[in-house]
Structure formats: C-alpha cells, structure tokens
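Asker: Sequence:
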Amino acid sequence: MIDPQLEGKTVLITGANHGIGKATALAFSAQGAKVFASYFRPACRFAAAELKQATMAGIGGPLLYAAEQRQTAESLLQTIRAAGGLCEAREADLADPSQIGTLFDACEATLGPVDILVNNHTCSVKDTFDPARTTEQGFSIHLATAESIDAHFAVNTRAYALMMSEYLRRYLSRKAGWGRIINVSTDAAHAHPASVSYAASKHAIESYSRSAALEAGKYGITVNVVAPGPIQTGWLTPEEANKIAATTPLGRVGTPADVADVVVLLASEQAHWLTGQLLYVGGGWRMHQ
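Per the numbering used here, the very first residue in the sequence shown carries number 332; after that it's consecutive.
It is worth saying that the hints were derived from the structure and are not from the lab.
Don't be surprised by glycine CBs; every beta carbon is placed ideally from N, CA and C.
Relax, there's no trap hidden among the hints.
Lysine to aspartate or glutamate pairs mimicking DMTMM-like chemistry, simulated, CA-CA at most 20 Å apart: (1) K574 to D518; (2) K549 to E600; (3) K506 to E546; (4) K457 to E478; (5) K457 to E571; (6) K383 to E399; (7) K457 to D481; (8) K549 to E497; (9) K506 to E439.
If you anchor each label on the Cβ, the simulated ranges turn out as follows: (10) G607 to A374: 33 to 43 Å; (11) F377 to R464: 19 to 29 Å; (12) S542 to Q409: 37 to 47 Å; (13) S542 to G432: 18 to 28 Å; (14) E338 to W604: 16 to 26 Å; (15) R372 to E439: 20 to 30 Å; (16) S496 to M618: 26 to 36 Å; (17) R464 to L503: 42 to 52 Å; (18) G508 to A413: 31 to 41 Å; (19) E338 to A378: 43 to 53 Å; (20) C375 to T476: 12 to 22 Å; (21) A525 to L609: 16 to 26 Å.
All chains, please: the whole structure from these sequences, using the hints.
Answerer: Structure representation (structure tokens):
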C-alpha cells in the first residue's frame, strides 16, 4: 500500500462546502491531514422553498447547483469529526483581498500553519460576445461587461494569486521546507463559448501557477494545476449528463471524488518530482474538444 505521507499535514481548501472542494476535504482527512475549509455562499435568485425542493429531488440542474452552493460547511465538519479527524471551517469572500490574511490567521490559530494550499473557489456566471447566444433552456446570455469580467477575475484569478502570495510569505517567514500548492482550473480554460470571462480567468491562473512553480521550487514547494472536465456537482441535468457520458472515453460523467483523488496525489510524497504541470481530469472527455 502506498503511503502518501500526509498524516498531520495542515491543508487549507477553498470552496469546500460542496462539490470538488468538499470531496477534496474528505479525501485529505481520510489520509490523516488536518483540514481547514473555506467557503462562500453567493447571493441566490431562487427562493428557499425552491432550493429545498431541488435538494430533496436530487435532479441536476441550476436549482440543485444553487442549493449546493448555499450549504454551510456544517455537514463536512460533522462527517470529518465523527470519523475522528480534525476540521475547522470559515466563511470568507475571497473577492475581498482583506479576508485572505484573516483566513490564514484563522487556520494557524486552530490547526497550525498551512502546509498544503488547495485553491478551488470559483465564480461562474455566463457571459458572451455573441448577442444571439442562449442557454440550452432558451434563456438569453448577457454580453460580457466590465462587471462580469471584474467579478470573475477578482475571484478566479486575483484571489488565487493572492492566496499563493500569502502562503509563500508565511511559509518563508517560518523557514518551512516542504509545501504544496494545487490550483483547480477547468479543461475549458482555452475557450468556453457562453462563459467567456470564466474561461479567461481560469486560463490566467494557469499562467500564474507556472510562474509560481518556477519561483517557488527552490523553497521546496511544488505548484500544479488540476483541470476537471464535466463533473456532476449538481449543475448537469440528466440529459446533459447522458450526452457528455456518451462522448467520454471512460463512459460516464465525473464525480467530485474523481478530482479529489488527483488533488491528493499531487500533494502526496509520491508527486515530489512534479511541478508546473496541468493535469486534465475528465475521463478523456477533452480529447473530443
């Protein structure tokens, strides 16, 4: 049995109240790591009754995804603690740079300095350059604006970069010698019609990650990027999921746990010679794109 040697390590994971972030937190805890979960619940256009009904039905689509986003980290905390693990959580709006240092402070005060940073938080709102484009449900998609561009880059790019910068600053101040940074992008970062700002903001963090890998390697830190393909985090309708599965070489839509396994691998001792890499995690789906 391979030992990833993560027991006792402290991992800070953003966007950890649902989906990939939550699965990643559970996967690290299963390896004996101490988990600090950051999350943010965005404003929601759906009524509470609609979200509750969507959760009970469990059918993928915009309603279920919104319901997942509105969760706190309470169920994550309960699950990890019930299994004997250590986990703390804090809600933070990482579009606000002042909250980044506070997040690290909270982690250090409860679990200790951050050994592993997993940036997973995201802003994803459809925008486009094509005024004729609509969603599959027939709704119009707004043209890209200063507001939509800034919203995506504040969360998906600037916050990722500032989280890495804060991690490095604290890492060096305590003269640490082992570290891991894993950033979550998307396999659609190269181009994503109808989500142009989302794709561009993710593409930018891939560049930041490569630069960080070049500069941080001498300090014992590896920096890598995971780019998931279509993952069922609640947003895919059954029809969409079936369509994607039919064109995926491995024959199904991905799960959050599929991505979490790769994130844990990149943090493991077995990945000590990997840095500056972009790993596509989508069952081969991107080969058709």
